[in-house]
Amino acid sequence: MKKAVLVFIFSCFLTSSALAGLDLSGTVRNDAVWFFQDSDAVFVNLLENRLRFMRKTPDWKFYSDLKVDVMYSDQLAAEFGMPAGTDMVTADLLRAFIKVYSEYGDITVGKTYVNFGIPGVFNSFELDQKLNISDLNATKSGILAVAYDFDFSDMTIGKLYVSPEASEGSVLAGGMLSTNIGSFDMGMVMNRLGWDDNVAGLFLQGDLELGVQGSWAIHLDDDGQYQYFETTLGLDYSFFDGKVTAAIQGCVSDNWIRIPGTMFTYGSILVGSFDPLENAHLYANLTYAPDEFIQWRIDGFFHNYDASGLVIPSVQTVVADGLTLSVQCIFPTGTSDSVYGHEAYGNAIALVRLEAKL
Amino acid sequence: MKRVLMISVLCMLLPGMSWAQMTAKEIIQKIDDNQVFDSQAFKAQMIIQKGKRTLTKTFYGYGKKEGGKSFMEFTNPEDKGVKYLKMDDELWIYFPDADDVMKISGHMLRQGMMGSDLSYEDMLENDSLDEQYASQLKEDVMINDRPCYVVELIAKVPDVSYAKQILFVDKQWYLPVKIEMYARGGRLLKEMIQSKIEKNGNRWVAMEGSIQDKRKRNSMTTFKFTEIEFDKPLPKKIFTKQNLKR
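The listed protein sequences derive, respectively, from chains W and H. Those letters in the first sequence? Residues 1 to 358, by the working numbering. Those letters in the second sequence? Residues 1001 to 1246, by the working numbering.
It should be emphasised that the hints constitute simulated quantities derived from the structure, not laboratory data. No false leads were slipped in.
In silico DSBU-like links for lysine-lysine, alpha-carbon gap of 35 Å or less: (1) H:LYS1043 x W:LYS99; (2) H:LYS1065 x W:LYS56; (3) H:LYS1236 x W:LYS357; (4) H:LYS1030 x H:LYS1214; (5) H:LYS1245 x H:LYS1064; (6) H:LYS1080 x W:LYS99; (7) W:LYS56 x H:LYS1236; (8) W:LYS243 x H:LYS1178; (9) H:LYS1232 x W:LYS99.
The task is simple: from the sequences and hints, build the whole structure.
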């Protein structure tokens, strides 16, 4: 039945795209994942289809982004708390919105991605703080919202939004103002996340020979009383005309409850039960990309208090124009009960990814 | 008969005498006049080659002299919707999947744009050569059976992409048909060839070209303009951060 509904939805989208002159593009990605735990190896295969529908005119834009996953995992998966079976289908409408332009600003209505601050691994102002460590640039799901983008000048822009997607009858609502001064982008954010949870703060990104980015956020209750702070700092630099890039980012908070990045080891399948008690993490990356056709990288996530980490070496190569092949391994370095330990992440995870852009 | 012959010879010599009298600075000025634009709109294709493997990227863009502004949007499937905005020396990239704008740090501007042999700086350069380099005229050469000036440029400001460039400038088109770009230590970094020269209004334009990063083996990037227009009025909102998200 579920399949029939999905086929129907696809058919509707494809028919409407043909009739309405929508621009259709997408991605097909197949991930074969082996999750090693003690002497066992769980195999999971995920076929991910992304379809993007877009229509752009000088006055407005329609954009829709639909993700459909088809998963297979062997029977051992159930023993490790993962879903097991064949043809497990999930569909997620990541975004679907209409954006209308005017000389006074742009209005967006629909399911849209609201993001403030500096994009990166740690971002205090990001509404969706989940992180897919097998794909740090994975697209996140949007929220139902009405958003208003405006500008005071070429470089000074602002955004306001309101969304019903908050818990217990509250609303999400907030705003951002950012500008460019010298070689720095900087801005301020005010955001209501729910009852007694409001965040305000500053962010900046720019150049001091090194690439620098940072943010400082303070959480307040509805009476304006201090709850906790979060701060992030990132540095990056490239060598050999950009062929080698090194980056490091950290986040610290005095909140012992909030989870800055609920880390998903692999999409929504191999969910590491990651509930850090302390909120202090470090991310490091070293990338060697001699050309567009091959990229070697090593990523590391480290917990600052128990010193456990995830070390993730990977290589990506272009097989043909639009077709890439990646191999990635994830090694937890901690002991069994560490934040990045074997209990949550197994002994190791290996992933082979084939991805085509359409 | 003798007089006709004299006139013919003079006609042949006069342009040559005119060339001979030109200084390197005047040649550079002519190149700048030909190359620098108030505004520009184009559609282009970029083919990145590494050995037998190729990647093809298509994009369109706009440029404006005032404020050193450039805007580009990629249209090939792999990079569809990726946009670039350059304002003076600052560069931002918009990623459509994340619906996010990211600033490119200064040290990263020397990276190959989309992995090509062109750096971000090469691609977005719009400054006058005369303002950036001191020029010296060298001995003429023939390239593809066409006479060319050879002009050596030495950087006179510190923040240029290349410490030295040698331009091989076609004497009719006042367009560099070949450019060699050198590092401070004298090492040849890149070589650029411009071809398929066409007249566009009152300027000569290379509709095709190639660039080789000499530090990479078997690597070359070719580019082709499929459409190009100069000095047409552009809507003001193109070169804004807000436009990146549209």
